[in-house]
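> Protein chains in written order, with the working numbering: chain A, 1341 to 1652; chain B, 171 to 515; chain C, 2 to 341.
By construction, these hints were calculated from the structure, which means they are not laboratory data.
Careful, some of the hints might be misleading.
Quick look at which bits of chain B chain A covers, simulated, 3 or more residues with Cβ under 8 Å [as the list claims (entries may be wrong)]: (1) 237 to 248; (2) 262 to 271; (3) 275 to 284; (4) 293 to 306.
Calculated cross-link-like contacts (lysine-lysine; reagent style BS3-like; alpha-carbon spacing at most 27 Å) [to be verified]: (5) K331/B - K1540/A; (6) K185/B - K485/B; (7) K185/B - K1542/A; (8) K274/C - K259/C; (9) K1540/A - K185/B; (10) K331/B - K1365/A.
Note that the Cβ used here is the ideal one computed from N, Cα and C, for glycine as well.
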Amino acid sequence: MTDRPATSPGWLHRITDSDIWWSFKSSSLTVVAAVGTLLIVVIAFLSPVLAPHTPFDPATLSLSDGLKPPVLLSPDGDWAFPLGTDDQGRDILSSIMYGTRLSLVVGFASVVVAMTIGIALGLISGYFGGAIDALIMRIADVQLTFPAILVALLIDGIVRSVISVQRHDEIAVFVIVGAIGLSFWVQYARTVRGSVMVEKNKEYVQAARVIGLSPLLIMVRHVLPNVTGPVLVIATINLGLAIITEATLSFLGVGLPSTEPSLGTLIRLGNDVLQSGDWWITVFPGITLAALVLAVNLLGDWLRDALNPKLR
Amino acid sequence: MPDRGADFVRIEGLKRHFDVSAPWLVRKLEGRPRQVVQAVDGIDIEIAKGETFSLVGESGCGKSTVARLVVGLYPPTAGRIEFDGNDMAGRHSRSDMAALRRRMQMIFQDPFASLNPRWRVFDIIAEPIRAFGLAKDKADLEARVGGLLRQVRLNPADGRKYPHEFSGGQRQRISIARALASEPEFLVCDEPTSALDVSVQAQILNLMVDLQRRLQLTYLFISHNLAVVYHISTRVGVMYLGRLVEVAPTETLFRRPKHPYTRMLLDTIPDLDMTGRQRSPVGGEVPSPINPPSGCSFHPRCPFANDRCKAERPKALPIEGGTVACHAIEEGRLPIEERSYAVSA
Amino acid sequence: MAAQTNTPPLLEVRNLRVEFPTRRGTLLAVDDVSFEIAPGEVLGVVGESGAGKSLTGNAIIGLLEPPGRIAGGEIRLEGRRIDNLPYEEMRKIRGARIGAIFQDPLTSLNPLYSVGRQLVETIQTHMPLSAGKARDRAIDLLKEVGIPGAEMRIDHYPHQFSGGMRQRVVIALALCAGPRLIVADEPTTALDVSIQAQIIALLKRLCREHGTAVMLVTHDMGVIAETADRVAVMYAGRVAEIGPVREVVKHAKHPYTKGLMGSIPSLGVRSEKLTQIDGAMPRLTEIPTGCAFNPRCTFKGQRCLVERPNLMPAGATQAACWLHDAGGVGAPLPKEAVHA
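Kindly produce the complete structure, drawing on both the sequences and the hints.
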């Protein structure tokens, strides 16, 4: 027993040998979702290279290109604009690529904000308990009684009333990231708190306390790595939600400005001219948004099941 | 009482109460009183250097709470814990406190919960060394961890693996290696073998005895298994509902048990030598520590209890090198019995 | 088999194999296990965790947890094959002919119903009794398992009972329909020592009075020594030794059983060092060829590394060890190999 040679397979082998990789491989829907997500992300972030036009550079726009329909669905289509153009002559395909990038950035960033706030408050709440715990959890309860979109609207409204419109457009991305982040932290905090309360009574945490480590060190070094599983699941599912929330806010006109449109902004812009039969301006961004969120949610669902065998 | 030299660990009047009441609002709305569990209700223990002092008792008797109080995982409600002449609750500078902590470590019951599943074995064992700044440099750290792994009969190369790659017995060895990493003199062992299979239990007990001799360790050993306690202890304390009912040198406790509860516990040891001795089932169960019985807390289950036992809490009186807290023994109502055990072939 | 007269066995297990398909291949958790239980007999099945003892018990009561499945062999109760019965029929046999007791009494009791309701339901499922008669029987059963104030306690819920009392209720539940066999899986493990003794005494008394046979699955040799008539020692999915309890405990023939007995601290002599078997039981994924115990065995020879021993007569017991075969363990191994 004692002379068993130590095996230390490489990290690649460790991943391909793990249960989670096996569970991933055996779910074809998940593989499709992952490939789809990856494709969308890669294309979106390479849009400056891949996109046929730079739709938000006014210098390249020409009004004579305005409202061209998609090339395959109309005899007067133009191959320079495969998915058609909007009333300003902007290429829809390029707009979608840039817009998806922005949506993804806002989605990721707001998830990171929500996660940071949620994990920090959850750790504090769960580890120390008592009055601090009660306070944080009551705040969370109150926040949960408002829909996330309402919280985001509220925060955006406050910011708008404080600063000028000009200034607001400049920092719109940060405002919306903050607004969405602040409206989604509760779920992380609750999950982390629950996990911390389980983990902190485990003997490995007590062993660290016997050594005399400070609570902060114990939380960061011992407890945190063991509560990442559920956090990752929520983060993935929340990514889809955050993207939708941003799209909704932008659609309502309180999100990103039309000079810097995300998918939601594109859908709103298209919606304005939908009555005149120019459906492509709103339908293609809509399909992209739906596909992206669906793929991300499928990944999140799989991750939740894979990390929690009890649910299967 | 024979002179056993200066006490290395001295516990006096130790108490720990847990508030298990419902939340304040619920209590007020439903008019419920506060509820307090007296997990440890005033115990005195002295442990000499190099000996193994065992605490035995059924679940809920407070033995594990004593272990956690001694290493400082809980603050005591009352009483004092003295370690090598230092009052653990006294005012110590940060570095003095760290120096005291370094000298006492703990081994836990569950080898599956006591190791952080995300850490490599090397880092688990290195943690106390790093925390107390014992290693001069990286090479020294690696040499120390390797030496510790060898000391518990594991391979230094095992340090690269994760806990889940080991069996229960091997994990308990890793746990022991971590406890030894800070070069302690006193180890508190909370049921270190009760989660293990018997053949592995024997390995761990042998290892602990061996380490004690080589490193001059002092053990506080917590267990519910009387045969294990008999094998490993110098002296034994029997706990019932948060109190020590009897303390005695091991041979004395097993050959001449005095307290009725000790006798009852000895009756429950399975007869493996096939002498035909029947376990005599004792009626009743351990009462709730929220409302412990008055007087001697064992009186509802005790065949020798009288009115005094119901009213007056017995004091621990010295007898045959130990102490016993029993009115029946004190009054001479209960003769001390001799027990012998078959010598197995 | 051993010691018993020519009465036909109540339970007969022949070459039972239980396997678990996993993504790394199929694991054989119970490998070619055979034994019999006579009417009224207590057979102890002992082994360390992972030896396959609980799976054997679960296979008999038809409650193997998927994906585990019976892959071979047969189980006969009173001569009738029960391992291939459809679930519904097996459910009727479980309860009526076979009772089950598990380690944690809480898993066997529904927390939402009073114990009386659970007892009455079980009784009425298996016996044609009116509600009133069934309730009378339930009270009698509770009295029989030693629950004071049975008439009142029958309407209490499981959480109102202490651990020991709950296990008594579970025993009453297992006895409802007067089964011929009780499969008890670690019935005392979750209980305190003083309560353990009470439950063991109760089980023994009930067997004696009702002539019920018991298959007692446990890791605790002490419980076996006091309760069982015969004992089967399991190791890595196989029976290593089987025989009358006294013989196995005092004069074990298999090196594993010997080591196991030696590693239990004894009150008789206080030795400096306990006998220890080095190493640990192999995981199911890495069972060695030949005798599964060979890496930990100090008596092994060449033959043990390649050829798997079956149970063979060894004194008053049967042991799966080449030491007891006329051919022996084969050529001695080189010194290094022994100490590896």
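> Assess, step by step, whether the Cα of K331/B is no farther than 27 Å from the Cα of K1540/A, and give holds or violated.
holds, 24 Å
> Given the hint that K185/B pairs with K1542/A, does the C-alpha gap stay at or below 27 Å?
holds, 24 Å
> Would the pair K1540/A and K185/B pass a check requiring their Cα atoms to be no farther apart than 27 Å?
holds, 24 Å
> Using C-beta distances, would you say chain A covers the segment 275 to 284 of chain B, given that this needs three or more residues below 8 Å?
holds (count 7)
> Sort out whether K1365/A lies within 27 Å of K331/B, counting only the CA atoms.
Cα-Cα ~26 Å, so holds.
> Establish whether the coverage given for the segment 237 to 248 of chain B by chain A is satisfied; the threshold is a Cβ-Cβ distance below 8 Å, and no fewer than three residues must meet it.
holds (count 4)
> Can the restraint linking K274/C and K259/C be considered satisfied, given a maximum Cα separation of 27 Å?
holds, 16 Å
> If you count the residues of the segment 293 to 306 of chain B with a beta-carbon closer than 8 Å to a beta-carbon of chain A, do you get 3 or more?
holds (count 4)
> How does the coverage statement for the segment 262 to 271 of chain B fare against chain A, requiring three or more residues with Cβ below 8 Å from a Cβ of that chain?
Coverage by chain A holds here, the residue count being 3 at a Cβ distance below 8 Å.
> Below or equal to 27 Å on CA atoms is what counts here, so check K185/B against K485/B.
holds, 16 Å
Hint compliance for this structure: every hint is met.
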